[in-house]
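Model the placement of chain B on the given structure of chain A, informed by the hints.
Protein chains: 2
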Amino acid sequence: MTTERAAAQPQNVFDRFHGVIPAGGVGTRLWPLSRAAAPKFLHDLTGSGSTLIRATYDRLGPLCPGRTMVVTGVVHRGAVLAQLPELEDTNLVLESEPKDSAAAIGLAAAILYRRDPNIIMGSFAADQVITPVDVFQAAVREAIHTAAEGYIVTIGIEPTHPSTGFGYIRAGEPLAIEGAPSAHAVIEFVEKPSEPVARGYLESGKYSWNAGMFVAPVALMLKHLEANEPELYAGLSEIADDWDTPRRVKTARRVWPSLPKIAIDYAVAEPAAAAGDVAMIPGRFTWDDVGDFAAIGRLRPATENSKIMVMGEGARVFAENASGIVVSDTKRVIALIGIDDVVIVDTPDALLVTTKEHAQEVKKAVEHLRASGDTDVL
Amino acid sequence: MTTERAAAQPQNVFDRFHGVIPAGGVGTRLWPLSRAAAPKFLHDLTGSGSTLIRATYDRLGPLCPGRTMVVTGVVHRGAVLAQLPELEDTNLVLESEPKDSAAAIGLAAAILYRRDPNIIMGSFAADQVITPVDVFQAAVREAIHTAAEGYIVTIGIEPTHPSTGFGYIRAGEPLAIEGAPSAHAVIEFVEKPSEPVARGYLESGKYSWNAGMFVAPVALMLKHLEANEPELYAGLSEIADDWDTPRRVKTARRVWPSLPKIAIDYAVAEPAAAAGDVAMIPGRFTWDDVGDFAAIGRLRPATENSKIMVMGEGARVFAENASGIVVSDTKRVIALIGIDDVVIVDTPDALLVTTKEHAQEVKKAVEHLRASGDTDVL
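These protein sequence lines map, in sequence, to chains A and B. According to the UniProt record's numbering, the first sequence is numbered sequentially starting from 1. According to the UniProt record's numbering, the second sequence is numbered sequentially starting from 1.
Hints listed in this document are in silico derivations from the structure and should not be mistaken for laboratory results. Please note that a few of the clues may not be correct.
Because identical chains share one entry, a pair is satisfied inside a single copy or across any pair of copies.
With a cut-off of at most 27 angstroms between alpha-carbon atoms, the simulated BS3-like pairs for lysine-lysine come out as follows [to be verified]:
1) K261 with K192
2) K307 with K250
3) K192 with K363
4) K363 with K331
5) K363 with K307
Same shape as in the complex, but just chain A (with noise of 0.2 angstroms):
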């Protein structure tokens, strides 16, 4: 066994390196084809045949077999076992109700503390898209070295423009760490800027995007969400020390729905920094959040043939004088006739019609359609 193994000689840091996969968030921008139901990552967004879980799991996989974490809602439970048939019972974190990242990732922090306090996690959003995946494994080694020197470890994206849809991560000196040549001291966070100060940022050549990711020692993240949520740390701790007991169920029930929702940005990651515990590792693979219909459009080009990007299987698409994409759900014939840049995304339920340009405001009608009490199609 590896973990008989590792304890008869000194303890090989990847062998301490556990995956932590949240898989959370609905991606309102991408409705009506994400929703609450069936949320962003149970979706086959990039064409390649996996669900953007499945595709995180397998990136994570080399990295750490069989040691891989997913925290998701409850109502998930059985689609994610569908995405992950392998995965095991004591690496499903169900939550009963969406709490934010901070505590999704704290709690999974807490419960592998207590399976061993030498754990170093790393935690990766469940719908994301990376290539090429080698690039991203060598990133995340050199996180893990640089994690086992103390540091909560974020790997940077560099940015391709002036996003202000996505917050940054300010680097400072290089840090001198065996088997991280790469690794640099973080001077901060920063919240998603304006476009002229996000100009600043790229022009300056010191700053990435922060894309969530987290490679830190259980213990100094829950040293830190200690310090900054005591609250929070509290109520984790207490589910966490009867999660694998017969009691995991009634704690849990008792306590998550009163847990603070906070992200873990404000409840770790920017207190980490000011404290300089924060290393960041520079990621140069390509990275997409695929936050809105666009960028399943950038992510899966259209065809020679055709200026209309098809997903779905079942669609039957006549396309005239017409470009942009289709997002089917359905077996409907469609047929776009003299329109450009359009976004169709075409669902048993709902429809949607917009233009690429306009991809970003899709989240208006999710809010309008609960107002409205619609809540039926989200």
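Quick look at chain B alone, frame taken from chain A:
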């Protein structure tokens, strides 16, 4: 009984009048709403609460109570009777397959002639929109008076723009007919013109649109049909001879498939005009043949609060910064964001997305689908 009273005194010219409604034509440019199984005339395209065929029947009703004949495809029997439950069996003529307007109208004429050779028929397509009804009826009354003098009378529509989508009628001198002060001779029917030619027609004030409305003694219709299309005339005579006998089905089944396909304009109206037998009553009503979805936008303007015109009871439409027409035959939620003058037609098995400007090109989609074998949605 009306007929006994009529027989007892000189027959009132209006008592000779019988309506005929040819209900054919799929309305290809209204796909996927209008299709083989549910053609244009079976839809309420105006939002009046009546299908087009019901409105057509009601418009004729006061002119020929109980004396309106419908000629339609055998596949539409049930749908037509659902719309016109009062239609007597003797007034329903079923075609086993479409044979164009000369066969449909000619068969009605031949059947009516055998019932009473003095009948004046008035043929009005099932899928036109006309308001106000009393102005239409006044025009038909003038047409009946004119027909009684031995004319095939068409009702010409005063052109509102130089349309290239309609044929035109060139009027001649006024005719002095009692009860028909606006009757004119017709010099000729002309085919759909080019735009410069259409402009000339409009400026001359001598041309009307040909809406395919014909009021004529059945004997005169048949005389011209016999002269111009003897083969068609012979076939129709054979069917009509047996129509009101037990041999109806057998004879029709044998003869109908062999009949030539030709429009009534070529078979009767144009040669009759050349012979000086055609007159015209100007129709001073508003007329629309609902040729495409842009027409639906005209006929059903958007409400004050919205730039989106919605047709369909079940639709839940959310529009943000969008304008155009939504025709819904489902109960799906439809969200439109950042798109102008769009035309969306949402049916259970087919979806059309186009613009008002391109509404005429919908038939290209239908042609493509037919060619590619996707006939299940046509």
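Hints, verified against the model:
1. K261 with K192: Within one copy only: 20 angstroms inside a chain, 69 angstroms across chains, cut-off 27 angstroms.
2. K307 with K250: So K307 and K250 fail the 27 angstroms test inside a copy (55 angstroms) and across (54 angstroms) alike.
3. K192 with K363: within (18 angstroms within a copy, 48 angstroms between copies)
4. K363 with K331: For K363 and K331, the Cα distance is within 27 angstroms both inside one copy (25 angstroms) and across copies (21 angstroms).
5. K363 with K307: Both ways: K363 and K307 sit 26 angstroms apart in one copy and 21 angstroms across, limit 27 angstroms.
The structure shown violates just one earlier hint, number 2.
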